[in-house]
Amino acid sequence: MTAPSEDIPVTVAEPGTGTPRLAVENLRIVMPASRRRPEADVVDQVSFIVQPGHVLGLVGESGSGKTTVALALLGLVKRGLAIGGGKVLIDGQDILSLSEHELQKLRGKTVAYVPQDPGSALNPVLKVGTQLREVFSIHGGDADRLTQVMAEAGLEDPGPILASYPHQLSGGQQQRVALAMAFACRPRLIVLDEPTTGLDVTTQRRVLDTVRGLCRTYQVAAVYISHDLAVVAEIADHVAVMYSGRLIEIGAAHELFASPAHPYTRGLMRAIPSMESSHELHGMAGSPPRPGNRPAGCAFRPRCEFAVAECELREPQPVVVSDSGHAARCVRATEVIALTGTALQARERTVPPADQPVLTISSVSVSYTNKPVLRDVNLDVGARQSVAVVGTSGSGKTTLARCVVGLHKDWSGTITFDGKQLPPGVRGRTQDQLRKIQFVAQNPYGSLNPRQTIGQIIGEPLAHFTKLPGKEHDKRVGDALTSVALRESFAARYPDELSGGERQRVALARALVVDPELLVCDEITSALDVSVQAAIVELLLRLQAERGLSLLFITHNLPLVRSIADDVTVISAGQVCERGPVAQVLTAPREAYTRQLIGDVPSFG
Amino acid sequence: MARRSEAITVLGRAVRTPQGGTGLVIFGLVVLVAAIGPAVAPFSSTQFVTAPFARASSIAWLGGDVLGRDVLSRTLDGGWELLVMAAVATALGVGVGAALGVMAAYYGGWWDSVIMRAVDVILAFPQLVFALLLVSILGPKIWLIVLAVAISHMPQVARVARSAALDISERDFVKAMQILGIPGRRIIRKDVLPNLTSVLMVEIGLRLTYSMLVIAGLSFLGFGLQPPAASWGLMINENRVGLIANPWGVLMPAILIALFTIGVNTFTDAVARASLGVGGRATEPEPVALVAREVT
Amino acid sequence: MTTTVTAETEEAQAPKPRKPHPIRDLIIKRSLIGILTLVLVSILVFAATQTLPGNAASAVLENTATPQRLHALEVQLGLNRPAVEQYWTWLTGVLHGNFGTSLANGQPVGSLVGGRIVNSLILVVVAGVIGTLIGVGLGVLAAARRDSVFDRVLSVSSLAVTALPEFVVAVVLVIFFAAVVVHWFPAVSVFVPGTAPWSNPKELVLPVATLVIVIVPYIFRMMRASMIDALESDYVQMARLKGVPKWRVLLFHALPNAIAPTIQVIGLSFLYLAGGVVVVEYMFNYPGLGQALVSAVSDRDIPQIQAIVLVLAAFYIFVNIATDVISLAVSPRRRLPRS
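Chains as they are written, first to last, in the numbering used here: chain A, 159 to 763; chain B, 5 to 300; chain C, 331 to 669.
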C-alpha cells in the first residue's frame, strides 16, 4: 500500500489535490470549566485528512482520546464534554457548525459509525430486522437493498438473522449486522471504533477483509480506530498516533511502522510481540497523563528516554521527516527515525532438561450438563518451563486452568503434580500442594479486595501458609513488592488508587510471596494496554528465571506466545489440536486448524 | 495495619453532601424532640388543661386534644417509645435477616432453598397485616409488635444480603482466597461481610423508615400503646374527630412522623449514592442501582 | 459411504429438541409454587391461631372466662379436637367456599368478606392504574429533561413524599380538601350497604388519591432512573449515530428497555397497596377488606381474620406471578435463549 505522494496529512489540504473526503483541522474538545477546576482539554490540535477510498488508522492506548475524536467525526460529544474549537470538514462542509437537526440527517447517511461492542450497540429488545430497516426508513432509500447490503457484509442467509434478537447472534454476526447498518446508505465516510476487539482472530480477519472490500468498491473514506497496531497495519493506508489527546505522529502505514519518528511510537513498536521471532518486549514506565494533569511542554516527556531540556518548554510542533508527509511532534524526530528498526534483542530460551514434569494433565474431560467443554486433554509442564495454552474464546482453556487450580471440581482424568495425584477440588489437597500452585486471573479490577490495603492483600496467603512473626512477615511482603517493581510504600495503599498494570503486579506479588512452583496465568494481560502488557510479561519471565518457576500461561494472543513460552498447546472446541515446541508449531504447524489460526493473525509484513 | 472502615468512610462522605447533611439534621431534630420532650413538656400528658379541641392559647400553645389535654405536652411525650420500638425492630430484623441471607448465599444448596422458601412465605403478607395477625392472637403487647415488625423485615433484608453476598462471592478476590484452601467461614468474615457494609447500611436506613411507618400505623389503628398513653400514631387517630376545631392535635404528630421518615430517607439516599462509588472504582453512581436498592 | 449412513441414523435417533415456551412454563411453575406457598401460609395462619398461648375461645371470652364456659366454647368451636384434624376440617371447608362463622356476629364469613373483596379491589386497581400512568409518564419526562428545574423539583419532592406514611398523607388530604381548607370531598364515606361504591364517586376520590400519592414516587424514581440508564447506553448512542430523531430514540429505543425494571416496581406497588388499603379504609370508613380486618382484629374474630389473611396472601401470590410473567414478556434476552 503505497501512499500517493500528494498526500500531506498534517495541516491543511493543498489545493489541487481535490477536496479531501474528510479534513479535520485543529480539533479541540474540552471538559468545560466547573466550580472545582478550570477548563481541561481532552483532545487538542488534532488535524488530518483522508481521501476517498483510503483508510486512516487512528491508534493509541487507553486514555489517548481516540474514541473522543471518532465521535466528533459524527458531530457527537459525550455528556460532560464540549467542542472547544476546530473544524471537521466532510466534502468541504464543516459539520461542527451544523444544527442538531441537520446533523441527525447526516448521521447514518453521509457519515456512518461502526461500534466497538456490537453486542451492546444493538438494541436488545428490538429485532435485528427492525433496526436494519430503520436506517432506510429514516434516510430514505430502497428497503429492497437490504438483502444486498447484508450479503455484502457477509451475511448470506438474511432471513433468520433479521428475525432474531441481537443476543441470539454470535459476536461475528453482530458485527456484520453493524457493518451492514453502516454501509446501507452508501455513506461517504465511515468511522470504525475498534470493531474487532473481542472477536477471535479468524472472525477478525474476515471482518477486516469485508471492510477493506467495501471501502474500495464504494470509494468510502474510512477512519479505523484501534489499539492493536498489527490490525491497523493490515488495513490502513495511513496511520495517526494519538497520545494524551494529541496527534503525535502521522504518516504512511508501512513507513511509520518500519521507522517510527516519535519516541512513543517507537516505544509501542518495541512492546509488540511478533510471531516470527522471540524477542524481548519493552514496556514504558509510567502512564499517560490525564486531562487536566498534563505536564508543561511535551506530554510524553516524563516517560521519554530522548527527552531534553527543550521538551519542557513548549508543546512540540509537527516536524516533517520525509517527503511522503511523515511527521511527528518531537524536537528530535529526525534523530529518532534514524535509529534503525527498533533494536530488539532476540531472546534465547534454553529449556533445561527435566526428568519428571512438574505438572501432568492426562485425559482430563469436563462437561456441563451434556455439553462437553474439555475432552481428553493431555499436557505436560516441566520444571522451569513455560507452557502456553492457546485457543479462541469458548475453547475451554480457562476451564482447564480452573481445574488445575482447584476452582473447578467436576473433571475426570488425572492431574499429577510433583509426582502425586491432585484431588479434584481444593478440599482434598494438602497445604503443600495448595501453596505450590498459584493463580493469577485476567481481570485486574476484580481480583483484589477493595477493602484491604495492598500489604494486607499480599500478606493474606503468606499468613495462611506460614506463621511468621510480624517483622519477618512484613519483610517478606516488602520483598514481594520490590520483586514486582513496586515501591514498598505501596503496601499502605488501596487497590482503587492503582492502575490496571499496577494491580496485576500486585496480583503477581500475592501469588509469588508464598514461593510456589507452578504459576497458572489466565489471560493476565488481555485487559491491559500493549505497553503495560510488555512490562508485565518481561517481569514474569525474569521472575521465572530467578525462582525456577514453571508457568502455565493461558492466552488467545499467538504472538505473545512466541515471546513467552517454550511449548505451546493449541486447544480447539475442548480438544487438544496440536502440541509442541513454540518455534516448531508456529513456523511449521501440522494441523489445518493451527495453520488457519496462524494465518489469521494480523502482522506488519 | 488498621483496616479502613468502610462504614465510617461512606457515612462521612454522605454527611458532607448537602442532601445527606440535611437529612441527618432533620432526623436528628426529631430524635432530639422525642428524647428530651418528656423532660421539657409543660404539663403531664394525662393532665386536663383546657377544653376539648380548644384553640391554641397561652396556656396550651397548640391547643387541647380530644379530652382537653395539652397537645404540645402529649406530642413531646409521644415519640420516644415509637422511636425505640422502631430502632429495636430494625436492628433485630436487619441483623438476623442479613445473617440468614449471607448464609444462604455462601453455603448454597439445601440451606439456600429452605431459607428462600421460608422467606417467600413471610413475604406473602404485607408487613402491617402480618403484625395485625399476631396482635389479633396475643393482644397489642409491645414486645410482640417489635418482634412482628422485626420478623417482617427479615425476608427483604435476607434477599438483599443474599444477592449482594452472591455478587461478592463471584468476584475473583474471593476465589483467590478459596484457592488457598481458606475455610468458608473465614472467607465470609474477612472478605464477604466487610464488602456488604454499605449495602447493609442502606438497608438499615430503609428498614428504619418502614419500622416507623408500620409501628405508627399500628398505633394509629389502635393496636400500639393503649390510651391514655401518648403516642403519635394514636394521637392522630384520637384527634381526627376534632380536625376542624383544632387541627394541631393531628398535624403536630403527623409532622413529626413525616420529618422523621423524610430525614431518614433523605440521608439513606445520600448514603446509597456515596456507597456506590466505593468498593472499586469511584464512578458516577448508576441511577437504577440507586433506586433498586430501595425497592427490592 | 458407511460413515455417512451411520451419521445419518445417529442423527435420526437423537430426539428433536422441543420448542421452548418460556412464558407458559413460567406460569405453570410459579402457579404450582404459589399454591404450595398458599398452603404453607394457611398452615402458618392456622397454627398461629391454634398453638400460641391462649386459643380462640379464651380470646373471645377474655376476662369472662370461667373454666366451664371456656370448655363449653371450646367444644362448640371444635377446639378440643387434635390440631391436624381441625386444620383438615377448616381446609376442606375453605375449598368448598365455607370459611366458617364469624365469632363477632354469627354470620357466615364467606358472605361478610365476599362483598368487601370487590370494594377493596376497586380501590387497589384504580389507584394502581392511575399511579402507574402518572409515575411512568413523569419518569419519562424527567429523564428526557434531565437536570432541568422540572426534573430537580420532582426528584427532591418524590424523595420526601415517598417517606410519608399513608395516614399522614390521608390526614393532609383531608385537611386540605375535606375539612379545613376547602370542602370539596367528604372526609368519611357514608356507604349504604348493598350499593356499589362507584355510585358516589366523590367518596372514592380521597382514598384513591391517598393511595396514588403513596405509590407514585417509587414508580417515578425507578422509571426515571432506568430511562436515564437507557439513554446513556451504547445502543441509544448507536441509534443517535444512525440519525434516529430524538423523539423516536426516546419512545422506541429507550422506553422499551427502561420498562423492564419498572415492572418490578409496579408489581411491588400493587403489593404495597394491599397493605395500604388497611389504613386508608379505616381512615375513610370505606367498607373494604382492610376495614373488616381491623375490626376483626379488635374483636378477635378468628375465622374472619383467617379468611381475610388468606385472601390477601392469594392476591400477593397472584401479583407476584403476574409481575414475573410480564417481566419475562418484555425481556427478549431472557425469554429466548441463544440459538
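To be clear, the hints were calculated from the coordinates, so they are not data collected in a lab.
Mixed in with the good hints, there may be bad ones.
[Unchecked claim] In silico EDC-like pairs for lysine to aspartate or glutamate, Cα to Cα no more than 20 Å straight-line:
#1 285(A) to 629(C)
#2 567(A) to 534(A)
#3 145(B) to 629(C)
#4 359(C) to 116(B)
#5 179(B) to 568(A)
#6 567(A) to 124(B)
#7 576(C) to 260(A)
#8 263(A) to 174(B)
#9 359(C) to 174(B)
#10 236(A) to 564(C)
#11 236(A) to 559(C)
#12 236(A) to 629(C)
#13 179(B) to 258(A)
#14 576(C) to 568(A)
Note that the structure is predicted; figures quoted are calculated from it, not measured.
Comparing the hints with the structure gives:
1. 285(A) to 629(C): violated, 59 Å
2. 567(A) to 534(A): holds, 16 Å
3. 145(B) to 629(C): With Cα atoms ~16 Å apart, residue 145(B) and residue 629(C) stay inside 20 Å; holds.
4. 359(C) to 116(B): Judged against 20 Å, a Cα distance of about 19 Å means the pair holds.
5. 179(B) to 568(A): holds, 17 Å
6. 567(A) to 124(B): Violated, at roughly 32 Å.
7. 576(C) to 260(A): Given that 20 Å is the threshold and the Cα spacing comes to 12 Å, the pair holds.
8. 263(A) to 174(B): violated, 45 Å
9. 359(C) to 174(B): violated, 28 Å
10. 236(A) to 564(C): holds, 11 Å
11. 236(A) to 559(C): With Cα atoms ~14 Å apart, residue 236(A) and residue 559(C) stay inside 20 Å; holds.
12. 236(A) to 629(C): violated, 64 Å
13. 179(B) to 258(A): Violated, at roughly 49 Å.
14. 576(C) to 568(A): Not satisfied, since the Cα-Cα distance of roughly 52 Å exceeds 20 Å.
Taken one by one, the earlier hints fail for this structure at numbers 1, 6, 8, 9, 12, 13, 14, listed in ascending order.
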